[in-house]
Amino acid sequence: MKEDILKKTAKEYFSAAEDEFKKSRFNSALVLYFKSLVALIDLYLLQQTNKTPSSHTERFRIIEEKFPEVYDILDKDFPFYQQSYVQIMTKELAEVIKDDVQIMAKKTKIEL
Amino acid sequence: MTCKLWQKKLKLNYSEDVLDIVQFGSSVLDNSNPNDIDIAVIFKKITLKEQLNQAQQIKNQLKKETELPIHINSFDLYSLFHEGNFAKENILFYGKSLLAKDYFSKIFGLTPKIQINYELKSLEKKDKVRLHYTLRGKSGKYGLIKKYGGELISPGLIEIYPEHEKIFLEEIKKITSKIKIKKILY
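Residue numbers (the numbering used here), protein chains in the order written: chain P, 1 to 112; chain F, 113 to 298.
I should point out that these hints are in silico values taken from the structure, not numbers from a laboratory.
Note that the structure is predicted; figures quoted are calculated from it, not measured.
Treat the hints with caution; some may be incorrect.
[What the hints assert, rightly or not] Label-pair distances were calculated between CB atoms; the ranges are:
1) 143(F) / 83(P): 40 to 48 angstroms
2) 68(P) / 189(F): 25 to 33 angstroms
3) 271(F) / 57(P): 53 to 61 angstroms
4) 111(P) / 145(F): 30 to 38 angstroms
5) 263(F) / 78(P): 41 to 49 angstroms
6) 78(P) / 121(F): 44 to 52 angstroms
7) 47(P) / 222(F): 49 to 57 angstroms
8) 145(F) / 99(P): 22 to 30 angstroms
9) 145(F) / 82(P): 21 to 29 angstroms
10) 271(F) / 68(P): 19 to 27 angstroms
[As the list claims (entries may be wrong)] Below are the DSS-like pairs computed for lysine-lysine, each with C-alpha atoms no more than 30 angstroms apart in a straight line:
11) 66(P) / 250(F)
12) 91(P) / 156(F)
13) 106(P) / 175(F)
14) 76(P) / 294(F)
15) 171(F) / 35(P)
16) 233(F) / 91(P)
17) 76(P) / 200(F)
18) 121(F) / 76(P)
19) 106(P) / 233(F)
20) 66(P) / 161(F)
21) 161(F) / 22(P)
22) 294(F) / 238(F)
23) 76(P) / 161(F)
24) 51(P) / 175(F)
25) 123(F) / 11(P)
26) 35(P) / 121(F)
27) 107(P) / 161(F)
28) 156(F) / 233(F)
29) 8(P) / 161(F)
30) 109(P) / 7(P)
31) 23(P) / 161(F)
32) 66(P) / 175(F)
33) 171(F) / 23(P)
34) 123(F) / 76(P)
35) 120(F) / 76(P)
36) 76(P) / 171(F)
37) 51(P) / 171(F)
38) 156(F) / 76(P)
39) 76(P) / 238(F)
Every residue gets a Cβ at the ideal spot worked out from N, C-alpha and C, and that includes glycine.
Please work from the sequences and hints to get the whole structure.
Structure (structure tokens):
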């Protein structure tokens, strides 16, 4: 079941992100929080439309069209995921992405 | 649709936390073919979370003004000048304020200029003349300096506005490659 896989990956990434965060490895934490966020967004899409996107491009397109409030979260956070390979990420930024994961967890009714 | 958003009359909604909204990168340069538009939103001291949320709202408004993708970055004055901000020079030197419709650096009382020093000594006479015509014009036609508001400081040294850098360099390099460039804020 896609839904189970998405729930499992969202939780696993979040838990791993928390571990990295505790070790003050904020780049790793940010990447993992973001992956958790994307899994939750896909879960949200599945819950709302019975479909999951096959690529980032499709994901962006669908949520921009149908769920602008979710689009704003993804569009806002995605650049930091991209930059995480070449820039030092701060604790504060990792916390912002974590907050967004929690917003999506509420929307999808998932306990992380 | 122009990509120079800073030249447009925009009705943007933004909070008092915003110090400036700055367009920078290739989209502010003349003679460039940008693939996207870089925008920096400079905030007074507010939380990062709040900065990002407000920047996203500004991005949503700017998206309606252009077909090019907009990349938005948010800073406060500390993060703008932080050594980890690789876009710092670009924002400070080339940045154009969408609010003041002028150079962003003027907010600090600084005007950016580029000085191009080109060596005349080694040039043949015909190339010296070509260069002179290119820069100063010929037979009533404007040269680059008059056309783009530059200034001849002394023989072999001109001062231009940053956004015209590419135009001047392309033309001068057709005649000589012995060029030195200095970016100044004064």
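The hints, checked one at a time:
At about 28 angstroms, the CB distance of residue 143(F) to residue 83(P) disagrees with the hint of 40 to 48 angstroms. Restraint check, residue 68(P) to residue 189(F): a C-beta distance of roughly 31 angstroms satisfies the suggested window 25 to 33 angstroms. Here the CB-CB span from residue 271(F) to residue 57(P) is close to 45 angstroms, at odds with the stated 53 to 61 angstroms. Range check, residue 111(P) to residue 145(F): Cβ separation about 50 angstroms, and the 30 to 38 angstroms hint is violated.
Distance hint check for residue 263(F) and residue 78(P): the Cβ-Cβ separation is about 44 angstroms, which falls inside the suggested range of 41 to 49 angstroms. For the pair residue 78(P) and residue 121(F), the beta carbons lie near 30 angstroms from each other, so the given range of 44 to 52 angstroms is not met. Our hint of 49 to 57 angstroms for residue 47(P) and residue 222(F) holds, since their Cβ atoms are close to 53 angstroms apart. Checked against the hint of 22 to 30 angstroms, the pair residue 145(F) and residue 99(P) fails, with Cβ atoms roughly 38 angstroms apart.
Taking the beta carbon of each, residue 145(F) and residue 82(P) are about 23 angstroms apart, inside 21 to 29 angstroms as hinted. The hint said 19 to 27 angstroms for the Cβ distance between residue 271(F) and residue 68(P), and at roughly 47 angstroms that hint is violated. Proximity of residue 66(P) to residue 250(F) is assessed by CA-CA distance (about 59 angstroms); at most 30 angstroms being required, the pair is judged violated. The straight-line distance between the Cα atoms of residue 91(P) and residue 156(F) is roughly 20 angstroms, inside the 30 angstroms bound, and the hint therefore holds.
A distance of roughly 29 angstroms separates the Cα atoms of residue 106(P) and residue 175(F); the hinted pair therefore holds under the 30 angstroms criterion. At most 30 angstroms may separate the alpha-carbon atoms for a hinted pair to count; residue 76(P) and residue 294(F) exceed this at roughly 36 angstroms. For the suggested pair residue 171(F) and residue 35(P), the alpha carbons sit about 23 angstroms apart, so the restraint of at most 30 angstroms is met. Simply put, residue 233(F) and residue 91(P) have alpha-carbon atoms about 56 angstroms apart, too far for the 30 angstroms limit, and the pair is violated.
In summary, the hint linking residue 76(P) to residue 200(F) is supported, as the alpha carbons are separated by about 20 angstroms, within the 30 angstroms threshold. Between residue 121(F) and residue 76(P) the CA atoms are separated by roughly 25 angstroms; this keeps the pair inside 30 angstroms, and the hint holds. A distance of roughly 72 angstroms separates the Cα atoms of residue 106(P) and residue 233(F); the hinted pair therefore is violated under the 30 angstroms criterion. Distance check on the hinted pair: residue 66(P) and residue 161(F) sit about 24 angstroms apart at the alpha-carbon level, within 30 angstroms; holds.
Note on residue 161(F) and residue 22(P): the hinted pairing holds, with a Cα-Cα distance of about 20 angstroms set against a maximum of 30 angstroms. Taken as a hint, the residue 294(F) and residue 238(F) pair is honoured in the structure, with Cα atoms around 27 angstroms apart against an allowance of 30 angstroms. A threshold of 30 angstroms between alpha carbons decides the hint, and for residue 76(P) with residue 161(F) the separation of about 10 angstroms falls inside it, so the pair holds. Between residue 51(P) and residue 175(F) the CA atoms are separated by roughly 27 angstroms; this keeps the pair inside 30 angstroms, and the hint holds.
About 42 angstroms separates the Cα atoms of residue 123(F) and residue 11(P), which puts this hinted pair outside 30 angstroms; it is violated. Among the hinted pairs, residue 35(P) with residue 121(F) is inconsistent with the structure: their alpha-carbon atoms are about 39 angstroms apart, more than 30 angstroms. For a cut-off of 30 angstroms, the pair hint linking residue 107(P) to residue 161(F) stands: about 19 angstroms separates their Cα positions. Annotation: proposed proximity of residue 156(F) to residue 233(F) is violated, straight-line Cα distance about 51 angstroms (limit 30 angstroms).
Distance hint between residue 8(P) and residue 161(F) is fulfilled; the C-alpha atoms sit about 27 angstroms from each other, no more than 30 angstroms. Taking the CA atoms of residue 109(P) and residue 7(P), the gap is near 10 angstroms; set against the 30 angstroms cutoff, the hint holds. Proximity of residue 23(P) to residue 161(F) is assessed by CA-CA distance (about 22 angstroms); at most 30 angstroms being required, the pair is judged to hold. Taking the CA atoms of residue 66(P) and residue 175(F), the gap is about 17 angstroms. The hint holds against a cut of 30 angstroms.
With a CA separation close to 34 angstroms, the supplied pair residue 171(F) and residue 23(P) exceeds the 30 angstroms bound. Between the alpha carbons of residue 123(F) and residue 76(P) the distance comes to roughly 22 angstroms, so the proposed pair stays at or under 30 angstroms and holds. A threshold of 30 angstroms between alpha carbons decides the hint, and for residue 120(F) with residue 76(P) the separation of about 24 angstroms falls inside it, so the pair holds. Straight-line distance between C-alpha atoms of residue 76(P) and residue 171(F) comes to about 9 angstroms, which keeps the hinted pair within the 30 angstroms bound.
Of the pairs offered as hints, the one joining residue 51(P) and residue 171(F) holds, with about 28 angstroms between alpha carbons and a cut-off of 30 angstroms not exceeded. Simply put, residue 156(F) and residue 76(P) have alpha-carbon atoms about 19 angstroms apart, close enough for the 30 angstroms limit, and the pair holds. For the hint pairing residue 76(P) with residue 238(F), the CA-to-CA distance comes to about 56 angstroms; that exceeds 30 angstroms, so the pair is violated.
Violation of the numbered hints given earlier is confined to hints 1, 3, 4, 6, 8, 10, 11, 14, 16, 19, 25, 26, 28, 33, 39; the remaining hints are satisfied by the structure.
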